[in-house]
Structure formats: structure tokens, C-alpha cells
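For reference, the chains in residue letters:
Protein chains: 2
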Amino acid sequence: MTSLSIWEFHLIGLSFSFCASIMAAATAFFWINTSQVTIAYRATVTITGIVTFIAAYNYFRLFQSWDAAFTLANGSVKETSAAFQGIFRYADWFATVPLLVIELILVMRLPAKETFSRGSRLAIAALLMIGLGYPGTVSSVTWHEWLFGALSMGPFLWIVWELYIGLGDAISKQPPEARGLVSIARNTTVLVWFFYPVVYFFHIGYTGGIAVTIYNLGYTVADILAKVGFGIIIYMIAVRKSEAERRSSGA
Amino acid sequence: MTSLSIWEFHLIGLSFSFCASIMAAATAFFWINTSQVTIAYRATVTITGIVTFIAAYNYFRLFQSWDAAFTLANGSVKETSAAFQGIFRYADWFATVPLLVIELILVMRLPAKETFSRGSRLAIAALLMIGLGYPGTVSSVTWHEWLFGALSMGPFLWIVWELYIGLGDAISKQPPEARGLVSIARNTTVLVWFFYPVVYFFHIGYTGGIAVTIYNLGYTVADILAKVGFGIIIYMIAVRKSEAERRSSGA
Chain A
1 MTSLSIWEFH LIGLSFSFCA SIMAAATAFF WINTSQVTIA YRATVTITGI VTFIAAYNYF
61 RLFQSWDAAF TLANGSVKET SAAFQGIFRY ADWFATVPLL VIELILVMRL PAKETFSRGS
121 RLAIAALLMI GLGYPGTVSS VTWHEWLFGA LSMGPFLWIV WELYIGLGDA ISKQPPEARG
181 LVSIARNTTV LVWFFYPVVY FFHIGYTGGI AVTIYNLGYT VADILAKVGF GIIIYMIAVR
241 KSEAERRSSG A
Chain B
1001 MTSLSIWEFH LIGLSFSFCA SIMAAATAFF WINTSQVTIA YRATVTITGI VTFIAAYNYF
1061 RLFQSWDAAF TLANGSVKET SAAFQGIFRY ADWFATVPLL VIELILVMRL PAKETFSRGS
1121 RLAIAALLMI GLGYPGTVSS VTWHEWLFGA LSMGPFLWIV WELYIGLGDA ISKQPPEARG
1181 LVSIARNTTV LVWFFYPVVY FFHIGYTGGI AVTIYNLGYT VADILAKVGF GIIIYMIAVR
1241 KSEAERRSSG A
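Which chain is which? The protein sequence lines are A and B, in order.
In terms of the numbering used here, the first sequence opens at residue 1 and continues consecutively.
In terms of the numbering used here, the second sequence opens at residue 1001 and continues consecutively.
Don't read these hints as lab results, they were simulated from the structure.
It is possible that some hints are incorrect.
DEER-style ranges, computed between Cβ atoms [said to hold, decoys possible]:
#, chain 1, residue 1, chain 2, residue 2, range
1, B, P1111, A, F194, 50 to 56 angstroms
2, B, I1006, A, V199, 24 to 30 angstroms
3, B, N1033, A, S139, 29 to 35 angstroms
4, A, E243, B, H1144, 48 to 54 angstroms
5, A, A83, B, W1161, 25 to 31 angstroms
6, A, A82, B, N1033, 40 to 46 angstroms
7, B, F1194, A, T115, 52 to 58 angstroms
8, B, V1138, A, F194, 30 to 36 angstroms
9, A, I6, B, I1006, 37 to 43 angstroms
Ideal Cβ positions, reconstructed from N, Cα and C, are used throughout, including at glycine.
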């Protein structure tokens, strides 16, 4: 049983609520602005909004569940009979993390065959990464936490390898107006995704209110960067490439 | 503990509900009418709607929290165990105030580099202004309230300086059909934003029902002016500039 201060209880709940509103707002931005890009990039920008939409939904659920799991009595935070269901984070990641790598592949407009092979390899790696990390998160046995955390790092390193070695050549062949941004998108993915295992391993062995707060705020900030921040870069790539296409077709 | 009359309790709750509905309606207006402006201004008008969307969400939360925090018993208002979470105001401001200055910069269509440098400077100043004011709001120690209020005025004055001295030249170079409105948008920002510290400093030292009512109604009115009123001016600028663009391209 975790003991939370009133301040920690409110801060975590607020962060869920704040993140849900940011994700929903970003969804509207991406979906409305699909009209700004040429047909070739519309699916990509729509998927960018799908990622933030699913995140908005799950953060809303996290907020509701958090609010139901605790009650204030005599100036302190008590657990109710409704357990907090942090599993909504995994429901979110399971759907959105494969889509994030697919976004990056789609916006590059590689040959169809390469898009499919690279996209499916990266999506499978992403699913394995989330799936292997999950047993470690729900376990309270320390060595389980380390074991599944370590197992989950396997697919993560595979993803890093795919993005740098596998995609390196394809990125250097991107049109000049997009090359820098595609490289930034790739680096952002690796850098922000690296933040998740840091939060995960940092958290092992700590159960107090401060650990719970850092764990939840850490993942929430990482989710905003990985989905909204990354999504804006993908959107900018799509806009630039669309402008270049319109110029070259004389439209 | 604040003692509220039934009248004050209902009035504040009603103002949250009213404001949520106005913000949601404004969101629909801005998002639907993105199709009225040329591609160059669509992101700007979308962001205008994002600001009111996030505000609608947080006013909805304020209303829910207000309603849960009090109960009527024997003809008077009693606090429940659920504390009122006025912090949703800060969640709103933290997300929307930087976006408001970015709206103004985007609608001016400055060169890309200047857009980025001025936009990021103003956004950072806005975040500092909100962040420094927050500890003063949650503290009940009078000198803390004055101190953080005063600290928060630093970034506010920096914003005023940026908008008048920094942007003065760029505003005078706006196309004639937009120049007057851009100037009005700038003046509205400074004037309405000045209203927030007035409410803040006025409020210090008062804890009764009337003070709580003025504080909440003051911020609510200011939020409607700063987001919906300001947003309509931004939208009008985007429409006028779009019309001028269409005329000059002979479309």
C-alpha cells in the first residue's frame, strides 16, 4: 500500500488530466491540418492524430481511475476499494508505439516493399518491447522487475539499430528540405524512448509517494514528447514535402 | 476554511459551467472556420481553437470539482472531504498562455527564423509568468503571496516589452488591411493580461465568500476575453489576410 501526501495525490491526478487535454488538442490539430498536406501524406498525419487520440482516451481513463482509487479523509489520502488501474498506460502503448514507428517510415515515402518490411519489423519490435516490459511492471518481486526490464531492452536496442543502421542510408537519400527534420524525428524517437527504461529502472525498489510521483510524471512527460512533440516534427516533414511537391508540379 | 453563502456557491459554479460552454462553442467556431482561411493561416486558426478547447475542458473540470467540494445542508454551504481543485486553472494557463502569444506571432507571418525566436522567447516568458505566480496562489502566507506575485510580474513586463518594443517594427510592416487589427490584438493581450495580476493582488489577505467570488469571476471573465475575444481578432486578421492573398493571386 502506497502512502501519498495530498499534494502528491493531486499532482499525479492533475498530470493525467493535463496530459489528456494536451493529447486531445493535438489530435484536433493533426486531424484538421490533414488538409494542409498533399494526398500522399494525409494518412501519415491522420495516424499522428490517431496516436494522440488513443493517448487522450487512456489518460482520461487514468485520471478517472486515479480519482476513484483514493479518497481524502481527515486531511490525508486513503485508498478506496477501487484499485488504481495503471494498466491503461500499457493499453495505450500497445496501440500507439507501433504506430509511432510506422509514422516515421510512412513520412519517408520509401518504396512500397521497403515501407512494408521496415514498418512491420519495427512494429513487431515495438510490440515485443511493450509486451516484455509489462510483466516487470505488475510484479512486485524485484528480480522479476529487473529480468523483464532487461528482456524489454532487447527489442529496444533492435529498434535503435534499425533506426540508425537500417534507416541511415534511406534518411541520407531524403529530399534536402526534409532530410534534417527526418533525422531529428529519428533522434527524438531514440532519445525520448530511452527515457522510458530510465524511469522504469529508477523506479525498481522504491514504493513511497515520491517514487510513485516521479514514475507517473516521468512517463507522462515522456508520452507528451514521444507523441505530440514527435508528431509535430512528422507533421512539419509532411508539410515541407507537400510544398516541395506542389512547387515541382507547378501547382 | 471559506464560508460561502448559497448564492456565492451557485454563482461561482454557474460561472464555471457558463465559461465551459462558451469555450466549447468558440472551439467549434474556430475549427469549422479554418476552411475559410488560406493554407498559410490554417494552423493559426486551429491553435486558436486549441486554446479554447483546453480551456473548455479545464472549466468543465473546475465545475465538477467545485460541485463535489461543497454540499448544502440545513440551508448553508458545507465543505465535503473532496477539496476544490482550483489548480485546474493553472493546468489551463500552463498550456494555453504560451499558445496565445504563439497565435499572435504566427498570424503576423514573420520570416521563419524570427517567428521561431520571438515565439519561443514569448512562450518561455509566459511559462515563467505562470510558474512563478503558482506558489503565491497556493500559499496562505501573505508575504509569499506578495513575493511570488511580484516575481511573476517580471516575465509579464518582459512580455509587454517584447510586444511593444520588440514587435513594434514588425507590426508597422504588416499589410495595411491587417495592421490595425494586429495592433488591436497586441493591445488586447496586454490590457487583458494586466487584469490577472489586478485580481491576484486584490485577492491577497481576503478569504471571505465575497473575495472568493470576485477572484473566481474575475479570472473567468479575463479568460473569456483573453481566449475567445483575442481569438476572434486573430481569426479576423487571418480572414482579411487570406482575402488579400486570394485577390493578389487572382483566385
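Hint by hint, here is what the structure shows:
Hint check: P1111 of chain B to F194 of chain A, Cβ distance near 35 angstroms, so the stated range 50 to 56 angstroms is violated. Checked against the hint of 24 to 30 angstroms, the C-beta distance between I1006 of chain B and V199 of chain A comes to roughly 47 angstroms, which is inconsistent with it. N1033 of chain B and S139 of chain A have their C-beta atoms about 52 angstroms apart, which leaves the hinted 29 to 35 angstroms range violated. Taken as a hint, the range 48 to 54 angstroms holds for the pair E243 of chain A and H1144 of chain B, whose Cβ atoms sit roughly 51 angstroms apart.
With their beta carbons about 52 angstroms apart, A83 of chain A and W1161 of chain B fall outside the hinted range of 25 to 31 angstroms. The hinted window of 40 to 46 angstroms between A82 of chain A and N1033 of chain B holds, with their beta carbons roughly 43 angstroms apart. Checked against the given bound of 52 to 58 angstroms, the beta carbons of F1194 of chain B and T115 of chain A, roughly 53 angstroms apart, stay inside it. Judged by the Cβ atoms, the range 30 to 36 angstroms given for V1138 of chain B and F194 of chain A holds: they are separated by roughly 34 angstroms.
The hinted window of 37 to 43 angstroms between I6 of chain A and I1006 of chain B is violated, with their beta carbons roughly 27 angstroms apart.
Violated hints, in rising order: 1, 2, 3, 5 and 9; the structure is consistent with all others.
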